[in-house]
Every structure is written in structure tokens, then in C-alpha cells.
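**Q** Take a look at the letters that make up each chain.
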Amino acid sequence: MSSHDHDHDHHHDHPVRADQAPTEYEYLENAVRELLVEKGLITPDEIRAAVEKMDRTSPERGAKLVAKAWADPSFMDFLMSDAPAAAEAMGMSLKANHLPADLVAVANRPGHHNLVVCTLCSCYPRMLLGVPPDWYKSRAYRSRAVREPRKVLAEFGTVLPEGTAVHVHDSNADLRYIVVPMRPEGTDNYSEDELAALVTRDTMIGVTVPQI
Amino acid sequence: MRFQVGDRVKTLSVNPPGHVRTPYYARGKPGVIERFAGHFQNPEELAYGRYYGGTLELFRVRFRQVDLWPDYDGAQDDTLDLEIPEHWLVPDHSAQR
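If you read the sequences in order, they're chains A and B. With our numbering applied, the first sequence covers 1 to 212. With our numbering applied, the second sequence covers 1 to 97.
Treat the hints as calculated values from the structure; they're not laboratory data. These numbers come from a predicted model, not from an experiment. Take these hints with a grain of salt, some might be off.
Capping the alpha-carbon separation at 30 Å, the derived lysine-lysine pairs in DSS-like fashion look like this [what the hints assert, rightly or not]:
{"hint": "1", "chain 1": "A", "residue 1": "Lys151", "chain 2": "A", "residue 2": "Lys137"}
{"hint": "2", "chain 1": "A", "residue 1": "Lys68", "chain 2": "A", "residue 2": "Lys53"}
{"hint": "3", "chain 1": "A", "residue 1": "Lys39", "chain 2": "A", "residue 2": "Lys53"}
{"hint": "4", "chain 1": "B", "residue 1": "Lys10", "chain 2": "A", "residue 2": "Lys137"}
{"hint": "5", "chain 1": "A", "residue 1": "Lys151", "chain 2": "B", "residue 2": "Lys10"}
{"hint": "6", "chain 1": "A", "residue 1": "Lys53", "chain 2": "A", "residue 2": "Lys137"}
Pulled out of the complex, with its shape left as it was, chain B reads as follows (with noise of 0.2 Å):
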């Protein structure tokens, strides 16, 4: 498995075309492994009736919701959970959250 529960991670700040479930406001976010949700063909693939393209591995990512909106309304523990395949994380060493 790429990542382990509990791991630190950042999403992909890029935008390509086409059929992508990871949304705007979660690219380019860090969050934190909260489960492996299992393998999965990739949507993006899918969409365009690519159905033999192999599986990813899914992850349920935390992110704090401070750090999703700036002017966030709300405390500071509250939090969102998205999916997001593998190819859209990466490990994030920047400083202790």
C-alpha cells in the first residue's frame, strides 16, 4: 500500500481535463490518511468507458476544514473526508501540523 493510516499527505494542485473526482477545492490541500478504502478503477478512466485500465488504491483523506477554506466559519476541529486515488497523493514532510 502507498500510505498508512495516519500518514501526512498532500493533494496534487493541478487541474487536467477531463473526468476528475477530485474537487477543486480539496487540490493542492494537506490532509491525513483515515482509512484504505479499497482498490478501484480509476473514475477518470471510467468516464470515457476505459474499463480495462487496472485498479487504484483509494484513500479516505482528513483534512482539517481551516485549511480547505480561508475564511473558514467554524471550529478549528471540524473536519471533511474525501476519496482520493493514489495518483493524486502525495507524502507531505513539510512542518508538524
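So here's chain A without its partners, still in its complex pose (with noise of 0.2 Å):
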């Protein structure tokens, strides 16, 4: 595929312009979704509405998830033995994403650290995270994450205390990871909406631990 050279009488601008020029799968891209445009089996306005609902979803939802999970045991329990079913129980449904992925939480706990990576693209749970950030999917974190976390880790500022083994989930195919980090000590009293403010996107990817 290279140049755009038939004839028609309709522009080819999408309302989000790119600054470099287009690739060969942006042509792809732009060629398919006219298509179903034009022959009426999507419009432009459902496009848009599915980009909008994607750009909302944020990490407070998985935030609350791991909150619930902290208050309450036999909810950890839940999550952990099957997390799509616990998702739900909180009115999150997965299915909003089209993709047919499944979830697995993984929890931290003393001595025992996870993190979560996809070395083969950007895979990430977006349904309780929304869009990954761009380092997520920058080739230097999908290397090296696999290969030196602990280095990594230490970048991000997390030095784990001695005796914590390191567990990467490489995300390569129909699994979906997040991790529940640690309860900070001293937050007994806390209320969940209290806890859930402690808990980021970041350390549910599991590159650092909550903070109080």
C-alpha cells in the first residue's frame, strides 16, 4: 500500500490530524473504516463514541477493586480465585471490552512482588485501568522488564526490601494481569474510598507500592 491515488470527491482527513505522515497500517486503517462508513454498517459518530469510552475508563476502577479487596477478606479471596466473576460483583464488567480477554489478579505480599509486562505489544487491563501510559508500551520497559526487573524496579524508585522475590507476568496472549499491592501499615482506619485513593495505576502495573 502507498499512495492514495483514486479518484473520489470526498476528503480523506480524519478530524484528528497525525503530525508524521501516515503508515502503511494508519492507510490500512483509514481505508477499512471508510469502507464500513460507507457501505452504513458504522458511522463516524459510533467511532467516536467508542474512542471517548475508551479514553474514560480510568485506574480509579481497578482503585476500587483493590480497596474492597484490602477491606474485606472473603472479597480478596473472591478476587484472587476468579477476578472477571469479582469485577463484576463490583458492577465492572469486563465484556465492555470487545477483546476476549481474561483477568487474573496477583497479589503482593511480604517477600513476594509482582509485575506486570507485555514484551509482544501494549496488552494491559484496560476495562479496570484504561489506557496503558506510553512507557508501558515503550521497547525499553517490554525488554528489559522481562529480562532486569529489579533494575527497572529501582528506576521507578522501588527498592525492594531484602528477601522479596520478583514474579513478571508477561501479558503475551489471552490473559489479563493486575496486581493487588500491600495494605500500607497504619491504615486501619481508613474507609475505602480512603484506601482507593491510595492505590495508583502504577502500583497496580507493580511498579512501585502504595504510600501513605
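With the hints as a guide, dock the two chains, each given alone in a separate frame, to form the complex.
**A** Printed below as a string of C-alpha cells:
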């Protein structure tokens, strides 16, 4: 696929213009999208609404799930044994995402730290954490998180206590991972909302741990 | 099911062309079945629009980092989990690890 050299009477600019020349895949995406619209299968507004919905999903959903698990040990067990059902019970449908991905929660505990990466692309529990940060998609993170996770953690300012094993989860296929960090000491009197505020996106990827 | 949780397995050491989701770093490596992850279509076929090939058993396999990287700089009990479809796995009958 190279230049766009056929004639017709509409223009091809997407409302969001890229700064660089489109890649082959962008030409392909443009062509397929325009065909789907021309044939009346989808409308531009449906595409826009889907993008808006994706962008609106935020790590707050994941944080709510973790805070509930911290506050309620039986919910923690539920989350660890069947994360999709636990999310569903909190009113978070994972099916909003069209991909048939399954969700697995991995819990940090003393001596056991989890870190999530997708070496092949950018697989990420979007339904709970929203759109992944740019660094998560970078080649540097993707290649180094599996090969030298402890150095990567240190660069994020995370130095684990002596004797802590690091468990990396490479989401290379159909499962998506969310890290359930350890509840910080001194939070016994916190409400679930206060707990949720401690659970940032990065703590659920595992590059850092919650702090008070 | 082709494997049970706890089974020792080895990934194939092959380099087929196409869209392959078993990373190079985990080819020809020993690991242990951590869980059966379900039946999924083969991404190597899906990538080319072939949706009708049936499903494969997908396993989450746990590797020791020291088995993946000869120069691994970290603890002996550091691990890495990957999802590997059944056709990439064979039983590992080599010595106990």
C-alpha cells in the first residue's frame, strides 16, 4: 500500500490529524474505516463514542477493586480465585472490552512482589486501568522488565526489602493481569474511598507500591 | 487436558515464520504449568484472519528467571509467567530442578 491515488469526491482527513506521515497500517485503517462508513455498517459518531469510552476508563476502577479487597478478606479471596466475577460483582463489566481476555489478579505479599509487562505489544487490563501509559508501550520497558526487573523497579524508585522475590507476568496472550499491592501499615482506620486513593495506576502494574 | 498444574514442561526451540506469540527468550526453556488458562483460538492463525481452526489449550507456565537468562542478575527464586498454547509445550523428563 503506498500512495492514495484513486479519485473520489470526499476528502480523507480524519478530524484528528497526525503530525507525521501515516504508516502503512494507518492507510489500511483509514481505508477500512471509510469503507465501513460508506457501506453504512458503522457511523463516524459510533467510532468517536467508542474512543471516548475507552479514554474515559480510568485506573479508579481498579483502585476500587483493590480497596474493596483490602477492606474485606472474603472479597480478596474472591478476587484472587475469580477476578472477572469479582469485578462483575462490583458492577464492572469486563465485557465492555470486545476482546475475550480473561483477568487474573496477582497479590503482593511479604517476600513476593509482582510486576506486569507485555513484551510483544501493549496488552493491559484496560477495562480496569484505562489506557496504558506511554512508557508501558516503550521497547525499553517491554524488553527490560522481563530481563532485569529489579533494575527497572529501582529506576521507578522501588527498592524491595531484602529477600523479596520478583515475579514478572508477561501478558503475551489472552490473560490480563492486575497487581493487588499490599495494604500499607497505618491505614486501619481508612475508609474504602481513602484506601482507593492510595492505589495508583503504577501500583497495579507493580512498578511501585502504595505509600501514605 | 494435555498438562496438569505442576507438570514440568519445556517450550519448543523452533523459529517458525509468521505471527508467533511465544517470545524468543522463552523458547527451548524449562518451566512448570501454573494454571490452565482456558481454550483460545490460535493467535498464529487469527493474525491472518483464519478464524475457523478450533481452539487450543492455553497454559500459564512459570519459569525461573535464572533458566531464561544465563546472566540473570537477581534472586534464584525470581520467576516469570507466560501464557503458552499447547502446541508449543512438551513434557520435560529431564532431571529434577
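**Q** Measure nothing beyond the straight line between the CA atoms of A:Lys39 and A:Lys53; if it is 30 Å or shorter, mark the hint as holding.
**A** 24 Å, holds
**Q** Holds or violated: A:Lys151 with B:Lys10, Cα cutoff 30 Å?
**A** 28 Å, holds
**Q** Is A:Lys68 close enough to A:Lys53, meaning Cα to Cα at most 30 Å?
**A** 24 Å, holds
**Q** Taken at face value, is the distance from the CA of A:Lys137 to the CA of A:Lys151 at most 30 Å?
**A** Given that 30 Å is the threshold and the Cα spacing comes to 18 Å, the pair holds.
**Q** For B:Lys10 and A:Lys137, compute the direct alpha-carbon distance and say whether it is at most 30 Å.
**A** Between B:Lys10 and A:Lys137 the Cα gap is close to 29 Å, so the pair holds against 30 Å.
**Q** Between A:Lys53 and A:Lys137, does the CA-CA distance stay at or below 30 Å?
**A** At roughly 20 Å apart (the allowed maximum being 30 Å), A:Lys137 and A:Lys53 satisfy the hint.
Violation of the numbered hints given earlier is absent; every hint is satisfied by the structure.
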